[in-house]
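Q: Read off the chains here:
There are 4 protein chains.
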Amino acid sequence: MPPHDTKEVKVGVLGATGTVGQRFILLLSQHPYFVIHALGASSRSAGKRYSQAVTWKQTSPVPAAVRNLVVNECKPEFFKDCGVVFSGLDSDVAGDIESAFRIAELIVFSNAKNYRRDPHVPLIVPLVNSSHFAMVPQQRALHSPPLKNGFILTNANCSTTGVVVPLAALEKAFGPLESCMITTMQAISGAGYPGIPSLDIMDNVVPYISGEEEKIEWETLKILGGIADDGDNGLKAFDMHGKHPLRISASCNRVPVIEGHTECVSVRFARRPPPSPQQVREALAAYTSDAYALGCPSAPRHTIFVHEEADRPQPRLDRDYQMGAGVSVGRVRQCRVLDIKFVVLANNVAIGAATSSILNAELAVLKGYIPSHST
Amino acid sequence: MPPHDTKEVKVGVLGATGTVGQRFILLLSQHPYFVIHALGASSRSAGKRYSQAVTWKQTSPVPAAVRNLVVNECKPEFFKDCGVVFSGLDSDVAGDIESAFRIAELIVFSNAKNYRRDPHVPLIVPLVNSSHFAMVPQQRALHSPPLKNGFILTNANCSTTGVVVPLAALEKAFGPLESCMITTMQAISGAGYPGIPSLDIMDNVVPYISGEEEKIEWETLKILGGIADDGDNGLKAFDMHGKHPLRISASCNRVPVIEGHTECVSVRFARRPPPSPQQVREALAAYTSDAYALGCPSAPRHTIFVHEEADRPQPRLDRDYQMGAGVSVGRVRQCRVLDIKFVVLANNVAIGAATSSILNAELAVLKGYIPSHST
Amino acid sequence: MPPHDTKEVKVGVLGATGTVGQRFILLLSQHPYFVIHALGASSRSAGKRYSQAVTWKQTSPVPAAVRNLVVNECKPEFFKDCGVVFSGLDSDVAGDIESAFRIAELIVFSNAKNYRRDPHVPLIVPLVNSSHFAMVPQQRALHSPPLKNGFILTNANCSTTGVVVPLAALEKAFGPLESCMITTMQAISGAGYPGIPSLDIMDNVVPYISGEEEKIEWETLKILGGIADDGDNGLKAFDMHGKHPLRISASCNRVPVIEGHTECVSVRFARRPPPSPQQVREALAAYTSDAYALGCPSAPRHTIFVHEEADRPQPRLDRDYQMGAGVSVGRVRQCRVLDIKFVVLANNVAIGAATSSILNAELAVLKGYIPSHST
Amino acid sequence: MPPHDTKEVKVGVLGATGTVGQRFILLLSQHPYFVIHALGASSRSAGKRYSQAVTWKQTSPVPAAVRNLVVNECKPEFFKDCGVVFSGLDSDVAGDIESAFRIAELIVFSNAKNYRRDPHVPLIVPLVNSSHFAMVPQQRALHSPPLKNGFILTNANCSTTGVVVPLAALEKAFGPLESCMITTMQAISGAGYPGIPSLDIMDNVVPYISGEEEKIEWETLKILGGIADDGDNGLKAFDMHGKHPLRISASCNRVPVIEGHTECVSVRFARRPPPSPQQVREALAAYTSDAYALGCPSAPRHTIFVHEEADRPQPRLDRDYQMGAGVSVGRVRQCRVLDIKFVVLANNVAIGAATSSILNAELAVLKGYIPSHST
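Residue numbers (UniProt numbering), protein chains in the order written: chain A, 1 to 375; chain B, 1 to 375; chain C, 1 to 375; chain D, 1 to 375.
Since the hints were made in silico from the structure, they are not lab data. Beta carbons are placed, not taken as given, at the ideal position from N, Cα and C, and that holds for glycine. Treat the hints loosely; a few may be bogus.
To be verified - Some chain C residues near chain D, calculated using beta-carbon distances under 7 angstroms: (1) 243; (2) 247; (3) 256.
As the list claims (entries may be wrong) - Away from chain D, derived, C-beta distances all over 12 angstroms, residues of chain A: (4) 80; (5) 231; (6) 244; (7) 318.
I would like the entire structure built from these sequences, with the hints used as guidance.
A: Okay, structure coming up:
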């Protein structure tokens, strides 16, 4: 990671008392240049000190720097000094609030699903497709009224994030994929708090997560696809991997694991013959992200850690490696139906959520999308 | 289930103090015509009363009928009055002991893997391929010396058993399958006792079970295949689904569930166009087993229970349905990569182990393979 | 258990779609003489068939007999043919509804806490204090207006129920206790559904259950106490063990167990010297309940099962013994601070809830408190 | 914590591949002045590089500094340059090996139970009784032959360690205790690896841990007691709290928690009237350890963290606070049987094991018991 001398950026956190919000606060309280300046939550929490408003569920105490910050309602007026606003809002309120922040010329990095399918909102997994920042100017220009600074940028669903990193590495090394089967075993923390009742998941597997399979199947295409000219109007569009149609089939399961989504993945390459397991292992290990290359302080040194042991990765042992910012892969081997199969582990509350948003914001700083930090 | 007036059959249990042995004893103690007559275990247990020899791990007490039975070593001389011998032996000793019992003209129904790949030993999932009993005469005849009564018959690995039932139902209704992807989430009881250390599996997934993927991929072909003429020598051979090659790819995981293996399955049919999800649902629900049709008392009324709710089957809620003798399927839907995908649940300690052996023995009685019961 | 030829009693279930209500329905659907006649739930469920109204969370299917029963609102008019009404209502609504049923001359057996502290409502653990039925006439007489048939009778909190059975056995054998320390390890099912979020209890212990310690400390005194003359007014009152003051100190913990409350108990007897551990073991094993002696069909043959093994009882292995209707005790040994200590296990959803209510209703039938069944 | 400029001390680790050994290695690899110099394990591991010999079960990778260290057998000759030897050996071999090391003039800090009851071996919980180092000279002098440097010093059992810290704080503030009831809920990691089979503990409580209750009841007296003159022979002896007899009764349970022992404790003071809950809270929070006062780098800033929330401490949320080096207490309240009750949480693999040994070694350095570091 190259050195940096970035100047301080004031940031806000929306949904600050929720599960994702608490992670934002933990991570941001140790960030080299993002400084928590404003917290937003529901009107029930507004006016209280953070330590009183929150039901803190993290394994380290509330950071001293936010303990006494007063929580505000999620209105742009309270965040106008923030160079970046992180949103950990629930999807039932995220749509309107994030839109209001954008109109107010604020820059929103959102974990919510609301704008992921918007044709002008980048859906960026920071270890994969930072090139999609290129859509930001068009988002601003086509907004009514046109915006100078404000934009919304989303990161992916937690289970999408895990799988898309090795898929991107494979496409980079071996060309387009043709099909991909994914079976997930997802942690309970992916459902937020209170989330899954213990009576539903102890000594059990629930073979269904509402909307999750569709998210993986759709988001993966947007992320792995490029940006193409959209006809003759001079506009750009996400191409949804359209040049090389990619069929994705996901099966999602909830398992009694606290943190870390495990996914069994099998892929078929367009290229014949396909690469060998050893070639795949090497390509995965060699993959580097823009985020790390550009010097994002939260980027993991090893984008993908490739395990050699037969029984890894495992969520309990591997989810905290590199503070959960990278992705672990193991059991790379031949598949008798498609070409190659392997196991992916990604920390759903780190790279699968808050860490991705923060990395996207770091990329925005480096790429000059945060006004006061542009060169 | 038709009525029956089968006369009593004395049975023995090998490995009686182990996990599978305990299940045999629980089930057999309530059986309408099998009567526990002899128990075999290691020399460490031999000479003790069963209740003293066993570390009982079941949720109901040791059945009164076996509490005071004296445990013997696993030698044929102690079992010579047994019409049927059930083996719950570990694979490290099962090979030699089961062979010795066969030479002594005893009939062995084994849960161990040792003889599953033997070209003359049927590998029978009783809800699927009872026709493979037809190999028994050849097994006896080719034995050296030839046997009059003795034979070994195995049931399948617990994770194979679950998946092969719906696959058989689909092939029966829609013709041969072309490929099949299976991802399992297997219960800890599948590993016996002491089995998985709690430190390895609590709050965790272990994405590897030694030898398991190979078992599913190989055993399924033997079970779903037929029996063909083996050249000009007048002999028969298992055809391993050879007329319609079937590619199977399995990924096996251990999850923190006590009982019940959940499997995500996706299949491609040879037939074009493939059946619709609704047709598949109907075919699965309509499938009936020989075991039930013939009147086996342990056969489930519903071979396959097809769930309509989006989030079923679940191991904790569905594993005990029909005393774990049937198989549950849910989430039948289209697959974007193959044709149809669904979720299977099978109770690994019931239909996946002891219940299958007992059903096979019931079939043997009905089909006349137990000498004193032949007509 | 003596034979019985009790005639059929129509029963209703309030809170029929909830956790306790589902247990009532499972148990009552197999009852020899209680027949489910009416189901009550919130207005959201009213008018629906039971199978559509309920989110069924039991491990066996919805009993056929209630599947198509139409759910009503919890109003007496819909239950007027019921000889007995079981209430599994939440305490936030139980107070008003149960009162309305009583005024309508209905007989209510309640699991809710609302009337447990009422000076005229018996709080009966059926394996302990069936003598408290004697308060029913006074409850009817003092009601305004006086009632002919209607009354409310409650059973105890689930953790109280477990401990009070062996305490009653000890007092019966050895005279009054002087003090008692109780530390509970309670199952998640004790909190109902959705109850405890999985994020709060997986890989965790929560050393606090709101109101639980007070319930144990207070209810135990009411249950173990007698009924005394209340001054000169000819009335009776519960004496709260007042003749021999008993100090009880409870510490309640939630642990990651699905069903079965485990409690570590230590007692000091008034009598000096105290009984030996062996005497205590014998007294516990010899204890019999009125419920069993009188022939209640749901009464367990062994009121208290005394384990000899060092590591029992355990919730997973012992909670289903006798269908959860009895209590298990183990590790009876000397205590260096008080006199004797031991471990109790009681199934919180069986004897700790629905089974107790049903047993109380069976006692009411036998004792002549259900009008049409009085002699 | 005062600054320090201690010079480097070479250390060895016995049982380096085991559960406790792995923790020693993790902690020592980040230590300011202890430097891992030699590793000992069984002959099966000897000769291998550490990374090959170990089945690493920690959540962070094998530290680079030991990855390639060659493992030796546990013989003093391989450790002769070590100023300190840490022993994580199992008790079945610890007795002989630790004795051999002492004879070889090595200084052993042991986690094993073998020498805890030795009348000349200090049993030191570093947050409590560092004064017991005073027994070291006598241990050396009475050894046959007398030793110049060598000695053995043990730390306490993990469940003893948790409870003895608040008990010491209470005795320091309010004078001697008279009796103490302890009920533990202990994590599976306390049993080492492979330790508890998952089939024994998932969805379960095991109300028994072999030898554990006796350890708590005995060790607590040795730790809380002083050192007295042993008759007229000029020798000293541990007084086992003999001036003020203290009755302790422990009940030990295993629960499905990975790390962190929770204990419900109730105490009676000799002093009448006893302190109030608020006084107890203040005394616990104010308690400081010699280890911290003297500047041990591994000592926690807060010896005892006193929680105000009703439902804390909880093992999952609180076990990693201060890297598990302190003890958490909550729910301080009146007890109806004794005086005051509360809940203690201690990290069994940190302060309950390796961290205590390391703190004891740090104390030894500061107190001048490590020869080359004496002043």
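Q: Quick check: which numbered hints come out false for this structure?
A: Hint check: 1 and 7 fail, others pass.
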